[in-house]
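Residue numbers (our numbering), protein chains in the order written: chain V, 208 to 322; chain E, 61 to 175.
In case anyone wonders, no lab produced these hints; they're calculated from the structure.
All residues carry an ideal CB built from backbone N, CA and C; glycine is no exception.
There's no promise every hint is true.
[Stated by the list, open to error] Just the calculated beta-carbon pair ranges, DEER-fashion:
hint	chain 1	residue 1	chain 2	residue 2	range
1	E	K74	V	L258	45 to 53 Å
2	E	M87	V	L258	17 to 25 Å
3	V	Y246	E	T146	17 to 25 Å
4	V	E227	E	R171	27 to 35 Å
5	V	A224	E	S144	33 to 41 Å
6	V	G260	E	T67	35 to 43 Å
7	V	L253	E	P143	28 to 36 Å
8	E	L82	V	E222	22 to 30 Å
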Amino acid sequence: AQSVTQLDSQVPVFEEAPVELRCNYSSSVSVYLFWYVQYPNQGLQLLLKYLSGSTLVKGINGFEAEFNKSQTSFHLRKPSVHISDTAEYFCAVSDRKTSYDKVIFGPGTSLSVIP
Amino acid sequence: NAGVTQTPKFRVLKTGQSMTLLCAQDMNHEYMYWYRQDPGMGLRLIHYSVGEGTTAKGEVPDGYNVSRLKKQNFLLGLESAAPSQTSVYFCASSPGAGGGTGELFFGEGSRLTVL
Chain V
208 AQSVTQLDSQ
218 VPVFEEAPVE
228 LRCNYSSSVS
238 VYLFWYVQYP
248 NQGLQLLLKY
258 LSGSTLVKGI
268 NGFEAEFNKS
278 QTSFHLRKPS
288 VHISDTAEYF
298 CAVSDRKTSY
308 DKVIFGPGTS
318 LSVIP
Chain E
61 NAGVTQTPKF
71 RVLKTGQSMT
81 LLCAQDMNHE
91 YMYWYRQDPG
101 MGLRLIHYSV
111 GEGTTAKGEV
121 PDGYNVSRLK
131 KQNFLLGLES
141 AAPSQTSVYF
151 CASSPGAGGG
161 TGELFFGEGS
171 RLTVL
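Extracted from the complex, chain V is given alone in its bound form (with noise of 0.2 Å):
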C-alpha cells in the first residue's frame, strides 16, 4: 500500500533562512503530488502539486518542491522564509490505480518561523 513519510516532524528555523522538508513516498507507479499547508486553526490549502513534466515545480508564497522519480521524493523548499510561513505542512501522494482520488497524507511537518 502506498504510504508517505515526513522524517521531520518539527522545523525550526530563523526568519530570512532557506528550509527544507523532506518527503519520501512509497512508490513512484501512476501518482500525483501534492503539498499542503495548514494554517493555524485553518483547513488545508494546496500548496503545489505535481502532475507530470518538469521536476521542479513552483507553488504559493515562493515555494517549490522537487519530484525525483529514482528516490521517490518530493521536498519542499523555500530560499528565504517568513513569519507567515509558520504552519503545519503535509505532503501527500494521489494513488491513480483506484476507483476514487485516494489521497495519503503524510504525517505532517510543523515549520516554526523564529524572528
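Start from chain V and add chain E according to the hints.
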C-alpha cells in the same frame, strides 16, 4: 465564493450522545470525503463518496456513518460518541474521474470533543 462549508465548527458531546456533521460544497464536485486529523497522524480517511447516493468506507470507518442524498451535501454521523472520536474533522471534495488529479478542496474543519 464559499467552496466547502462545514457545520458546526465546534461541538462538545458526552459519551453515548449522537450528532451529525454537515458538509456542503458549491463547486459541483462529484467526489466528497470525510477525514479526521489527530496529532502526529496526518489525515485519515473515514468515508468517501464518488457520487450522489453512493458511499464507501475509508481507512477508519468504525463508529461513523455517512449519507449523500444530494450531490452538494455529505453528512457524517456519530451514533454513539466515544472519547476516541475526539478529533478535528475535515470535509473535502474533488472534481472526480476525468476531471481531477486528486487535488482536494477542504473545509475549515469541525472540532469535536467527546467527554
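Going down the list of hints, with the structure as the test:
The beta-carbon spacing between K74/E and L258/V, approximately 46 Å, falls within the hinted interval of 45 to 53 Å. Between M87/E and L258/V the beta carbon distance is about 19 Å. The supplied range of 17 to 25 Å therefore holds. Separated by about 22 Å at the C-beta atoms, Y246/V and T146/E satisfy the suggested range of 17 to 25 Å. As the Cβ distance of E227/V to R171/E is approximately 31 Å, the hint placing it in 27 to 35 Å holds.
Take A224/V and S144/E: their Cβ atoms lie about 40 Å apart, and the range 33 to 41 Å holds. Against the hinted window of 35 to 43 Å, the Cβ-Cβ separation of G260/V and T67/E comes to about 39 Å, which satisfies the hint. Distance hint check for L253/V and P143/E: the Cβ-Cβ separation is about 33 Å, which falls inside the suggested range of 28 to 36 Å. Judged by the Cβ atoms, the range 22 to 30 Å given for L82/E and E222/V is violated: they are separated by roughly 40 Å.
Checked against the numbered hints above, the structure violates only hint 8.
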